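4 protein chains.
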Amino acid sequence: MSYKAQQLDEVKVFKDPVHRYVRVRDQVIWDLIATPEFQRLRRIKQLGTSYLTFHGAEHSRFNHSLGVYEIVRRILNKFADQNVAIDQDTRLISLCAALLHDLGHGPFSHSFEKVFHLDHEDFTRQIILGHTKVNDILTRVAPNFPEQVARVIDQTFENTLVVHLISSQIDADRMDYLQRDAYYTGVSYGHFDMERILRVMRAVDGELVIKSTGMHAVEDYIMSRYQMYWQVYFHPVTRSAEVILINILQRVKDLYEQGYTFKVAPTHFESFFTDKINLQQYLHLDEAIMLYYFQQWQFEDDHILSDLCDRFMNRRLFKYVEYDRVDEERVYNRLVQLFKNVNIDPKYYLIVDKSSDLPYDVYGGLDDLYETMPIYLRMPDHSLKELSAHSPIVEAISGKRRTDYKLYFPLDDLEDLPDDANKREIFTILAYQM
Amino acid sequence: MSYKAQQLDEVKVFKDPVHRYVRVRDQVIWDLIATPEFQRLRRIKQLGTSYLTFHGAEHSRFNHSLGVYEIVRRILNKFADQNVAIDQDTRLISLCAALLHDLGHGPFSHSFEKVFHLDHEDFTRQIILGHTKVNDILTRVAPNFPEQVARVIDQTFENTLVVHLISSQIDADRMDYLQRDAYYTGVSYGHFDMERILRVMRAVDGELVIKSTGMHAVEDYIMSRYQMYWQVYFHPVTRSAEVILINILQRVKDLYEQGYTFKVAPTHFESFFTDKINLQQYLHLDEAIMLYYFQQWQFEDDHILSDLCDRFMNRRLFKYVEYDRVDEERVYNRLVQLFKNVNIDPKYYLIVDKSSDLPYDVYGGLDDLYETMPIYLRMPDHSLKELSAHSPIVEAISGKRRTDYKLYFPLDDLEDLPDDANKREIFTILAYQM
Amino acid sequence: MSYKAQQLDEVKVFKDPVHRYVRVRDQVIWDLIATPEFQRLRRIKQLGTSYLTFHGAEHSRFNHSLGVYEIVRRILNKFADQNVAIDQDTRLISLCAALLHDLGHGPFSHSFEKVFHLDHEDFTRQIILGHTKVNDILTRVAPNFPEQVARVIDQTFENTLVVHLISSQIDADRMDYLQRDAYYTGVSYGHFDMERILRVMRAVDGELVIKSTGMHAVEDYIMSRYQMYWQVYFHPVTRSAEVILINILQRVKDLYEQGYTFKVAPTHFESFFTDKINLQQYLHLDEAIMLYYFQQWQFEDDHILSDLCDRFMNRRLFKYVEYDRVDEERVYNRLVQLFKNVNIDPKYYLIVDKSSDLPYDVYGGLDDLYETMPIYLRMPDHSLKELSAHSPIVEAISGKRRTDYKLYFPLDDLEDLPDDANKREIFTILAYQM
Amino acid sequence: MSYKAQQLDEVKVFKDPVHRYVRVRDQVIWDLIATPEFQRLRRIKQLGTSYLTFHGAEHSRFNHSLGVYEIVRRILNKFADQNVAIDQDTRLISLCAALLHDLGHGPFSHSFEKVFHLDHEDFTRQIILGHTKVNDILTRVAPNFPEQVARVIDQTFENTLVVHLISSQIDADRMDYLQRDAYYTGVSYGHFDMERILRVMRAVDGELVIKSTGMHAVEDYIMSRYQMYWQVYFHPVTRSAEVILINILQRVKDLYEQGYTFKVAPTHFESFFTDKINLQQYLHLDEAIMLYYFQQWQFEDDHILSDLCDRFMNRRLFKYVEYDRVDEERVYNRLVQLFKNVNIDPKYYLIVDKSSDLPYDVYGGLDDLYETMPIYLRMPDHSLKELSAHSPIVEAISGKRRTDYKLYFPLDDLEDLPDDANKREIFTILAYQM
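Chains as they are written, first to last, in numbering that gives the first Met the number 0: chain E, 0 to 433; chain W, 0 to 433; chain C, 0 to 433; chain B, 0 to 433.
Among the hints, a few may not be true.
Which copy? The list can't say, so a pair holds if one copy fits it or any two copies do.
Quick list of in silico lysine-lysine cross-link-like pairs, BS3-like style, CA-CA up to 30 Å [to be verified]:
1) 384 with 252
2) 210 with 113
3) 11 with 353
4) 210 with 11
5) 384 with 77
6) 252 with 262
7) 77 with 11
In case anyone wonders, no lab produced these hints; they're calculated from the structure. Treat the numbers as computed from the prediction; the structure is a model and nothing was measured.
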């Protein structure tokens with residue numbers, strides 16, 4: 000029997016708190032899960048620094064990747080029941096793409112990418128196509144199989160239906176992470192009736208659409224997404240931790256460029272400083288490695304680096320105030336000066352953070368096609384109607400890509416300042432309730 | 000106002016998936032949570048290697064410690080409603096002890112303690128009484144306060160009721176971890192009606208007893224414990240990962256003693272090899288640090304160390320067969336010889352693992368007073384009756400401390416052996432279904 | 000000790016699937032629950048005919064009334080923690096009003112009131128103030144106590160805070176029924192974080208307001224309400240059953256007025272036909288009595304009555320099409336004629352049903368003060384802001400009191416008609432997909 | 000296409016709180032659900048008088064019957080995946096039997112059958128085979144089809160595997176009612192991992208067996224059953240209501256036989272008094288009818304009947320003491336005499352109730368084959384082992400058919416007695432804590 004058709008003797012299951020069981024029958028999927036590249040995802044948290052706000056959010060991208068695979072597996076089974084034509088090769092491509100779609104994420108992915116100007120999607124592609132165990136397995140299926148899987152993930156695969164399973168406004172990726180992140184954080188948002196959504200999904204002309212009778216379930220999904228976005232993903236305490244993390248990386252880079260002599264040299268980071276990133280080095284960098292360095296760097300002589308590392312490791316986070324970007328530029332510049340006056344480096348200690356930099360979004364409707372296609376309802380007369388044109392709730396939310404600005408600073412250090420004019424002015428400007 | 004009586008302006012809450020909210024009002028508790036020693040628990044998994052079996056089990060001891068605190072807080076509130084006399088000092092001692100009871104756990108605690116002959120309870124005591132931030136805060140309450148908290152944890156505190164809240168057969172510790180571990184693993188065991196148990200708890204002569212009307216809720220708790228014990232805590236795949244972990248640590252120690260030159264020296268471990276353990280060094284060792292070394296040691300020249308680290312990081316675990324300790328000693332010795340014949344070192348690759356070494360137990364009833372006091376029911380006539388004497392279900396389980404032996408080995412390596420008499424005899428003995 | 004201060008020896012609990020436990024300590028509450036008037040609520044379904052759509056929705060108003068009491072009890076406990084001044088008398092008035100607020104509901108309340116032009120709120124008042132066991136108990140507290148309880152329910156009580164606990168846009172009544180109806184129907188809507196809402200409720204100048212930090216929990220509540228409204232309460236199949244029920248009652252009334260000789264006389268209904276309704280008669284009428292008559296009337300000679308009763312008992316419901324009220328009046332009149340042509344009486348068999356007649360509503364915001372006061376958020380600067388002015392989601396929903404018209408008819412009977420011009424025209428007009 | 004093979008255009012679903020959705024595709028099943036005989040089950044509560052103890056337990060046998068159907072449907076799908084040979088006819092027979100297995104239940108079934116010496120299983124058979132709509136539909140499939148369905152239910156069908164799906168120690172019937180009754184009562188027992196049990200079920204030689212790897216899930220099921228048995232089904236308050244119900248029926252029968260002139264004659268019951276029970280009359284008797292009579296009979300002149308009806312309707316239940324059957328017969332006789340002395344008729348007011356009369360049981364193991372076959376585990380070597388021989392927990396429970404005796408009496412009436420020697424002796428004997 001060809002490798003691609005090989006089946007395990009019996010279904011193997013992973014106990015999963017969100018989907019109860021993740022089921023695997025294909026040998027290829029089983030082998031992919033066992034690769035070092037996939038196992039590495041166990042050492043990368045799904046929600047980055049959110050565990051410092053929601054202590055339950057310690058789950059990894061390994062968790063989520065299995066979940067996305069499972070949802071796609073179920074959708075394909077439903078399609079088989081509905082006689083949607085998906086051949087065995089396309090089925091296996093879809094399952095592999097679902098499983099591997101996040102493979103390129105780095106440690107504390109968002110911060111990391113921001114400082115080093117990287118894109119995890121590039122790395123996902125490189126891992127699938129490069130010299131890796133994942134590539135060995137995919138190539139064993141067929142020589143062009145890795146390329147096909149990669150193209151589903153980067154949305155250039157010819158079968159758009161398969162692309163939309165993983166990348167659309169109501170894809171398996173989002174459906175898994177909303178439920179999973181809600182489960183682990185313990186928030187009461189994030190619940191929607193996925194089983195019903197799967198039942199009302201239809202494949203029409205290579206698009207994934209929703210029977211209009213299922214509109215309310217989709218509204219619920221969009222609302223969950225909206226609530227998770229503001230309540231969890233954009234939580235200001237999480238962003239505070241991320242600000243510190245970014246500043247650690249920035250400081251290390253700055254020190255490295257200045258020729259600073261580290262007690263513990265940033266060996267694992269060097270290729271990122273020099274822009275000659277080697278795939279193997281990238282794969283060796285996980286969150287355990289990051290935390291090892293952060294812990295060691297608490298004892299560096301550079302006060303800024305040691306302080307920021309201590310803050311991150313021991314959760315001494317920055318506080319924040321709302322920052323209105325228009326009116327306060329002059330005020331901001333004054334704050335910068337005041338920080339300098341009191342010897343607190345504003346580059347690392349006075350940070351404006353924009354929510355719109357974050358990788359999450361609300362549903363954009365038709366006006367917002369920048370990333371993924373909108374959700375279409377199939378009406379009883381079989382016409383298609385974009386969701387926000389039919390649902391007042393979704394219309395209310397869609398396109399409301401509010402940018403939210405906050406100003407972060409080390410309140411503890413400010414409080415420790417001697418009580419002089421600088422301090423008083425800083426506190427007056429910040430108007431922070433003490 | 001004295002420090003010990005200081006209250007936060009309003010209740011602060013932690014969102015918790017198990018108890019919904021953990022509530023803090025006492026300034027002392029709030030300050031303890033913010034210490035580096037307590038934050039360190041975020042980097043130590045509650046269930047050690049179980050995440051390699053149950054991918055959801057990535058939760059930390061930080062999670063669990065807050066949970067135990069919350070349960071004790073609720074019990075004390077119930078006691079206040081029942082007019083059980085617990086003064087404010089004793090209340091605060093209890094809450095601190097609940098929060099801090101696991102503070103001394105090391106990374107992958109069980110394996111670590113086994114190899115280095117350590118006891119996390121000693122370290123808990125040292126952290127509470129030594130030069131730490133935790134000690135600073137406790138001492139600020141009163142000079143003898145740290146000692147009082149430590150004595151609740153090591154069960155020598157004079158108020159036995161308070162001791163039993165944290166250390167008895169139905170204590171806050173067990174009630175939290177059963178529910179929490181069930182939640183994160185996703186298994187359907189581990190559920191019991193804690194709210195009802197809290198309602199039927201009574202304080203009688205310094206003992207925690209259960210009104211007999213609540214017996215069935217306690218039976219359910221005992222059953223949950225029994226099921227979690229066999230289904231989760233003793234899972235053979237988890238033990239396989241632990242066997243490998245122990246062997247890594249053992250191998251590093253052996254190499255260190257042999258004067259082997261490491262590419263990446265085991266700096267963080269040195270004090271453990273020499274038995275001169277410094278508290279600060281202990282506190283620096285967390286699971287991120289361990290994983291850093293394991294990743295690096297995949298590239299050591301020593302084949303055994305690099306192989307074992309690769310196995311742990313990439314989840315290439317040992318397989319196992321049941322091992323009957325009586326009949327097979329001779330057979331075991333033969334296997335040892337055969338492994339040597341084929342150049343697989345049995346010291347690291349042929350391991351008998353006993354479940355009774357694990358820190359979990361089933362309910363022991365009256366016959367099994369080695370650790371903690373049994374559960375007493377308060378009958379309608381106010382007499383006390385030990386649970387297993389009243390419940391046939393509990394009687395069936397109690398004292399059934401089955402020891403379960405398994406023999407672990409690297410099936411993959413064995414399969415790769417050339418097909419000769421040694422290999423055939425090994426497989427015949429193992430009778431492993433391939 | 001005065002009756003009003005009497006406490007049970009220990010807290011008595013009712014196991015409740017929604018709130019886990021309902022707790023009673025006051026003797027007065029305990030005695031009220033035991034009255035025949037309150038026990039009668041066990042024989043009146045919370046959701047009327049919804050059980051014919053959602054088979055789980057068989058729960059009674061007894062269930063719900065205990066739930067509302069429990070929520071108010073919890074809010075009052077929170078208020079006590081916040082030092083909101085509510086004296087013991089007001090507390091007991093609030094609890095009694097919460098428990099008794101639905102006491103006057105009749106069987107299949109909505110339909111019943113519609114046919115007989117009754118208002119259950121009048122009956123609630125009459126039961127509280129009239130010659131009943133409930134009144135005996137309340138009077139034993141104090142002579143004016145029944146009147147005070149009644150005034151909370153009819154919203155004329157001077158303490159508006161107490162009124163709003165039971166009658167406002169986010170009152171205990173709605174919070175209970177949304178969760179309860181979701182639980183019993185099994186739909187995935189209806190979930191919101193009530194515990195969080197209770198934590199952010201504040202009493203400000205006699206109003207119940209919400210701390211703005213809790214806005215998202217309230218949004219979730221409003222969304223649940225919106226979804227339950229369209230998905231459960233206004234479900235067209237439920238309305239079909241209600242249309243039949245109304246027509247049964249109407250037909251009985253018509254026959255009674257025509258002097259028809261019933262095999263089983265509508266004894267229990269007579270006072271309703273004559274508008275001289277006696278409170279005791281009202282209290283004897285519950286859903287079991289209704290169903291008794293419906294079953295017996297399946298064997299009446301009047302074909303319309305027997306057919307409608309058979310339809311209701313055996314769930315042979317009407318089908319429906321959307322009905323656009325503006326354009327189709329001429330068409331509707333034509334349909335009436337066609338029904339007459341084929342000897343199907345349109346009075347009972349061709350029914351336009353308006354959703355706006357139903358007792359449920361969506362959140363109205365400021366524009367819609369007809370019934371209950373809107374929800375105010377307390378902003379960080381302690382100003383109050385109406386919810387829909389602050390939340391785009393709520394704004395999208397509020398005031399969208401869509402009226403939805405449907406036309407109901409007996410498809411089965413129409414299909415059995417001989418295939419002539421009348422039939423063809425009826426089916427063409429209805430354009431019902433067969 | 001033959002009727003038996005007809006499929007609905009698309010799957011129709013019933014929203015179910017326990018199984019989320021009940022799915023129907025077969026036209027035959029759809030038609031059976033629509034029959035008056037099946038719809039009648041909506042008017043018969045699943046748990047009889049339990050709603051007077053657990054107010055949530057108002058769910059009907061209609062609920063449960065759909066649930067059993069759904070579980071059998073899922074098991075048959077699993078079998079199809081495992082290539083267990085079950086032909087289409089056998090499949091449809093199984094589904095029909097699952098749906099209809101409780102069709103013959105009367106109102107408050109247990110009490111009713113006890114007084115009138117009936118057996119609901121006889122009626123199930125009569126409804127399937129007699130002149131009913133259900134029979135019409137089944138006969139339309141094939142002339143001998145009703146008989147085949149009936150034989151599955153009465154356990155004489157040749158395919159024992161199919162019989163065991165509905166009648167064995169781990170059948171769909173029990174799996175549904177345990178979960179369903181737990182859901183509606185809100186108790187925390189009754190949960191087990193049904194999905195896992197379905198996964199480890201195997202068909203071996205016409206028996207339903209369980210793979211031994213699933214033993215712990217089955218233990219959990221057995222424990223749930225045990226806990227539900229003692230905590231819900233045998234709850235003494237529920238039995239008190241049942242004692243009163245039985246006595247109402249007994250009193251009516253006695254009065255009828257004595258020629259008493261009823262204000263409201265027991266028309267619907269007459270055939271039961273005379274033992275000439277007509278199937279149509281049986282089908283007309285549901286719980287609404289019963290409650291109609293009970294309400295009316297509150298106003299009968301016979302004091303015993305009116306009092307008992309008032310007690311049932313308004314939940315003025317009897318109290319109880321434990322009754323030891325051996326020692327106290329003499330004492331019991333003395334109590335009978337004392338009751339007569341004070342003019343309280345012991346026939347209706349002093350009742351010994353035996354739990355073993357109830358239709359629920361615990362797992363019996365091998366010693367207890369009176370009803371249904373025990374559970375067998377399939378061991379790794381494919382041998383079969385009876386569950387209680389392998390599980391110490393199940394062994395502890397199995398065969399423990401404790402009979403529990405309670406003595407019920409009207410404490411309120413006894414308290415109202417004048418304070419004389421009779422009263423004092425009664426209270427001394429009952430030793431009831433007042």
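Subject >> Within, between, both or neither: residue 384, residue 77 at alpha-carbon 30 Å >> reply: Answer is within: at 23 Å inside a copy they meet the 30 Å cutoff, but 38 Å across does not.
Subject >> Alpha-carbon proximity context of residue 77 and residue 11, limit 30 Å >> reply: Classified as both; 20 Å inside a copy, 15 Å across copies.
**OP:** Can you give me the call for residue 210 and residue 113, within, between, both or neither, at a CA distance of at most 30 Å?
**Re:** For residue 210 and residue 113, neither the intra-copy (39 Å) nor the inter-copy (35 Å) Cα distance is at most 30 Å.
**OP:** Check residue 11 against residue 353 for me: Cα-Cα at most 30 Å, and say if that holds within a copy, between copies, both or neither.
**Re:** The answer is between: 27 Å across copies meets 30 Å, while 44 Å in one copy does not.
Subject >> Intra/inter-copy verdict for residue 210 and residue 11 if alpha-carbon distance must be at most 30 Å >> reply: Cα proximity of residue 210 and residue 11: across copies only (15 Å, versus 33 Å in one copy).
Original post:
When no copy is specified for residue 384 and residue 252, does a C-alpha distance of 30 Å or less occur within a copy, between copies, both, or neither?
Top reply: neither (50 Å within a copy, 47 Å between copies)
**OP:** Tell me, please, which holds for residue 252 and residue 262 at an alpha-carbon limit of 30 Å: within, between, both or neither?
**Re:** Both, since 15 Å and 25 Å are each at most 30 Å.
Consistency with the previously given hints fails for numbers 1 and 2, ordered from lowest to highest.
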